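S.K.: Single-letter residue listing:
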Amino acid sequence: MSDTALDPFADNPNKRTALVQGGLNFGQVTEKVCSVIEGKTSKIWWMCLGVSLSLLSVLGISIGYLIWEGVGIWGVNNPVGWGWAIVNFVFWVGIGHAGTLISAILFLLRQNWRTGVNRFAEAMTLMAVACAGIFPGVHIGRVWAAYWMFPLPNQMGLWPNFRSPLLWDMFAVSTYATVSLLFWYVGLIPDLATARDRAKSKIAKIAYGICALGWTGANRHWQSYERAYATLAALATPLVLSVHTIVSFDFAVANLPGWHTTIFPPYFVAGAVFSGFAMVISLLVPIRKIFNLEEIITVRHLENMNKIILATGTMVGYAYGMEFFIAWYSGVELEVFAFVNRAFGEPFGWAYWIMVTCNVISPQLFWFKKIRTSLVAMFIISIFVNIGMWFERFVITMTLHRDFMPSSWGEYHPTFWDVSIFVGSWGLFLTLLLLFLRFVPMVAIAEVKIVMPEADPHHGEEH
Amino acid sequence: MSPLNGNKENGKTYWRSLEELEGSADFKEYLHREFPEGSSEMSDPFSRRGFMKVMAASFALAGGMTGCRRPEEKIMPYTKAPEDIIPGKSVYIATSSPRSRGSLGLMVKSDAGRPTKIEGLPGHPANNGSTDSAAQADILDLYNPFRQKSVKTNEIPEADFSKGMSPEFRKSSQKNLKALKAHLAELAKKYKESKGAGLSFLGSPVTSPTQLAVINEAKKALPNAKWHTWEALNDDNSASALKTYLSADKYDNQVNYDLTKAATIVALDSDFMMTERNSVKLLQDYAESRRIYKNKESKKYENKLENRFYAVEAAFSVTGSNADHRLRLKSSKIQDFAFALASKIAAKLPIDANLKKAIDAYTGTKDFGALTASVSGNKFLDTVAEELVANKGKSVIMVGEKQPAAVHLLGLVINTALGNIDNTVKITEKSAKSENLAAESIQLLKNDIIADKVETLVILDGNPVYDAPADLKFGESLAKAKEVITLTLFPTETSQASSIVIPNNHYLESWGDTRSYDGTISFVQPLIAPLFNGMSVTELIAAVTGLEAKKDHKRVQETHKLDKASWEKSIQSGYLADTAYGSIIPSSNPSEISAVLKTAKSVDNDFELIFTPDYSTIDGRYSNNGWMQELPDPITKLVWDNAALVSYKTAEDLEVQPRDIISISANGENLNVPVWVVPGMADNTVAVTLGYGRSELGEQSDDREYVEYTDRGFNAYPLRKRDSLSFVGAKVTKGSGQGDLVTTQDHWAMEDRDLAKEVTLADFDNDYEATVKNKLEDQYATVAPKMYSDRKEFKEADLQWGMVIDLNSCVGCGTCTVACQAENNIPVVGKERVSEGREMHWIRMDRYFYSGKDSEVQSWYGEGDKFDENKEANKVDLHDLEVGALHQPVPCMQCEEAPCEQVCPVAATQHSPEGLNDMVYNRCIGTRYCLNNCPFKVRRFNYFNFQEDFKDKRFEVQKMVHNPNVTVRSRGVMEKCTYCVQRINEAKIDAKVRKDESIINSFTTACAQACPTKAITFGNQNDETSAVSKMQKEARNYTLLPHLNVRPRTSFLGKVSNPSEKLAKGNS
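Top line first, the protein sequences correspond to chains A and B.
Residue numbering for the first sequence follows this note's numbering, starting at 333 and increasing by one per position.
Residue numbering for the second sequence follows this note's numbering, starting at 8 and increasing by one per position.
None of these hints come from the bench; they were simulated from the model.
Note that the structure is predicted; figures quoted are calculated from it, not measured.
Warning: the hint list may mix true and false statements.
[What the hints assert, rightly or not] Just some of the chain B residues that point at chain A, by a computed CB distance under 8 Å: (1) 526; (2) 756; (3) 934; (4) 943; (5) 950; (6) 952; (7) 956.
All C-beta atoms, glycine included, are put in the ideal place defined by N, C-alpha and C.
When you get a sec, could you build the whole thing from the sequences and use the hints?
M.R.: Here you go:
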């Protein structure tokens, strides 16, 4: 079957390009994916793990020193009560949006192409949420009392304040993390069973065996599995929208000019999807090459994701413009000041323009198919988007530095420890990523097979 | 690193980039930093404990965290409680702080035997219940662990205090004192024989009748002993003017003012509100004379402001910032102004012909227009003269101590001509006694030392090595005296150069008496036994001169010869009523005066250097005091430092930005110091404050965890010579590099936001709502809904607290900030922490510069933004402006619809039924969301454990300063103004126990209590008759940011200024 005869966008699925290329059959797909976790551990993997672990130890030391000395080691101060920690939190939560969007929403929308990338994207979601989870916990003044946020019954009758967006946030993120983990794990069961069945070493057999929960591939198993998967997908779908909506409430519910805007929820969700997909692209472009999965994770997959980046990037750009418009249209001087200051004020005006360049201008290049399908171009643009989205959160958080009372205006200078904890969080992310790549099938084997032509009951029939 | 000092050997200069060639600050910064911005924090003192600590914390994280417990502390209850102590109940004792610039009557709170808070003594004639910031801060000195703690001589080392008040320390310091006393007895014996020859004393002017009696006794016993006085901020100029004016043979008189009667006040370089003598009283009277009340409903004046205040000054002082009109003039030109004013007045009022001749001789040679070329000086002069004459008998010319004797003399002449003497100007006996002018006296001492006439020098007070005129080289000559005995509260440069150092008793530890500026005798009573084994001034004098050893208590009793009943009554009330000096009606001698006036010469300096007292350290005496050091300067808002202050134009001429180093040459000395731009400074003038750059403070930079006292600011004394104690011609050039100055408010302008409001009296007459109108609110004409203000608890609670701050009375002195710090156990965080934006003050003083009437101030930032002249908003000529400043104290607004409460996830900040926005420290986990959401930014976060020092045994002493009724906050919790909830509850309990509701209306918060101008009113707003409800019904009452619908309980009364129509804009 040659690709040229087929159209990836054809209405008739039979006329579309196959999602798995290179003429792989079921056995070869399994072989390709499983070889990654079954082969010998490569030296490069060990080296990468070494680097990640060192970064992880940077995280450990940064958190250790933070807890020892206090949040004063960061650049946060009186007008700017939140700094890099919150920026990083929102950044990582945002990245954690791609996975669930791909696996849940695209599943419900019957977007078959998602199967090639959903496992990886979901895993990335979990890692990103794990990284995000660190920050709200450690950025508070008394880390040891963080659990007071939970509504734990106690003899003093103390209860958290349900009016606080931070509390909503905690529920939103923890729910999201839980559902994402369950969803990911449920989808993983058939593949874990495959890994178990193929495992040669005893330890692997036992480990995969336990994780596979006795999966035999029986009809009843498949029936329950599909039901559970669809249910979880339905559960996860609203969460994709809610979690960043609620994260945006941290800002939008406050009364600060520049924060207190109704556009934040949709704008944050779009931004989160935008950054999540960018991160998937940044990681998959090299990984599919290294692990020889180019036939399963094809350029078409990547192109589809780039289209989403283009769409959400444009939404984000629209939101940036609309913020200005509304600030002006509202006639509120303080609002106008906040936005003008954001873009042109000292000392953070430059950050705004980095944000605009990376988030609004760079994804527009994806209008060109050539760029959309060029691995190098998409990799570079996705990195830009990642940078831009980090800066977006920085710009929003720094709105604090000039608010109502000019007498209390201040500045914010990140310190060594601000940087180190962010760098360290990459250590956690990469360590988890490396472990995932090495021990878990990174493509949903069973699901990919379902969308292969062979899985079609009418496969091979002439009409 | 100078860019051009590269390789000179081959005659070439190498440079790396254009930036380097230019020597730009950014490039130097880049060179200095190995790591990017922020990373040099690694070398910060607090993180120096470095790696081990980090590792320890990491291990702790791994498993130990759950095992951590708070350190256990033993409580020592009284086993036998004294009969008169009720645990938890404070005792208030009247005392007084002796000062030569005007002693204050105090009422000091004592908890379980330790003084914890200083307050003004109600009813005391000198300060009537309030204080200045320094008096509030005195208590911190008492408990400072770096005081001089034991006798130290060249032979006997200081007792070891590293383990705090250990038995060993007590024992060895007692031993030291014993050895000293033996030595002093020997000295006394020796000088008895020589009748005091070879013995010299140096002290500050004496305000204590008892000390004076002891000195007189000693003089009788040892007639050959010499007595000298020195004080860096002395009143030599006015004293010598008065001597001439009264044809007296001694410097025994002083000028006092009564501003309550003044209709026109003219201050010539006089910062009478802050640094001049008797400042608290003058400030009170000034504020009293400017009260203005108009009821919102009746629209009628209950009290109308009727005076006008003109200031002429060079440096921008707090006093000048409050003037209705202010003329910037170089210090030397103020003399010209005074003569010109005298001549204008002489033309209108009868004046002695000799005097007129002398005045005209001066002004005749001078084109007065030229001297005020850059300002509308002539018009200002005419207006002032006219108004003075119109208000004769109730006007006043006040001359600042920085002006030479001739100007003081002219001030007296003009006041006499206007008939102000004995009305608004009172000449009385001097309260701070000295035989000679300070500058003369110390010169004589120095001569004696050089002539080997001094064998033993006893320094009773002060720090002459640091602050004596530079040309005396006092420190060097001190080495020539055989023995220098210094009595001091803190180790100083002088004590370092002394052979014997004796700890002085703090006034809260000693018996004594003092005269206030007006002469009222107050008693100094100890509230605590001396913490350290030292001596009092009188004890030392008696010991050295061989007088009979007596307890100070007895001496004071002997001096006043009161019977038992009246003695007890007097020390209970704290002062002797009706002991103020009477006014002297002078019979002046015009020919003598004119002879002196004729010697006055007009000075022309291209550039002038002014020495001014520092608002924080005064003359250096508060260098050890963290509360004072961290109190932002009312004008510059700098903390922990002084700077060279220049006007905007001068900065432009010198091509410097704030923090750039300039080089000042004067009196043959050179000073390279960072510059700070202050609008409103006279052009071609640089002002430096005294009292910084102390080299010996008794502590090292690493003695405290977060605060560094050493190496603060620069020492300006080396440029200050005997004949130029106030100002001198100087040469100023741009230096290289930048200094490290820290400010709490680097933004000058209000951004047109209607925060601090000021209207003119004329406008207020026409529109009684002039201060209430708010631009921001006008945009939201709709009525905002109440969300929580209607809650049930509010309706049920009888007491609803509210606060009103009258900006018309507030002058910006900052006393409230220090009082709050003392009352509420607010930690000192140090310069580095302030630079990071972690200052902790619960009530801050916002300062906004303004110029003209209709132009809000230009955006010109201390850092960050550079001034952009082309910006439309900035098109105000900064070069030629009458600049003033508005001061606005900002405590917590206690919003009824508090935005902070809503966002706290753990409900650590909650509303009380009485309308307080309460902070529950124990519940706070430190998300800082409340801080972000506070529109007024009054919340303060403990970024570090600022109580870390108390783990050190030495700081056990300092712990005693804490108010036992207020929680000491640890790291990671938010804190903020509570309206002094501890005082509220105490009053409520008292009212209940004593069944006396009036107690509710008679207590107040610490800030309101301390405020010298009574600008802050606090109370129950539910009570129609309370002061605060009256203030809330004031026509000037407004709240900040009304459009936010947060419904603050703290409101403000707009300021009303009273500018002259003749000097109004567009009337030129």
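S.K.: All the hints need checking, so say for each whether the structure fits it.
M.R.: To see whether the hints hold, each was checked on the structure:
1. 526: violated, 41 Å
2. 756: Holds - the Cβ of residue 756 of chain B comes within 8 Å of chain A, reaching about 6 Å at its closest.
3. 934: holds, 5 Å
4. 943: Hint holds; residue 943 of chain B Cβ to chain A Cβ min 6 Å, cut 8 Å.
5. 950: Constraint on residue 950 of chain B satisfied, holds at 3 Å.
6. 952: holds, 6 Å
7. 956: Hint violated; residue 956 of chain B Cβ to chain A Cβ min 15 Å, cut 8 Å.
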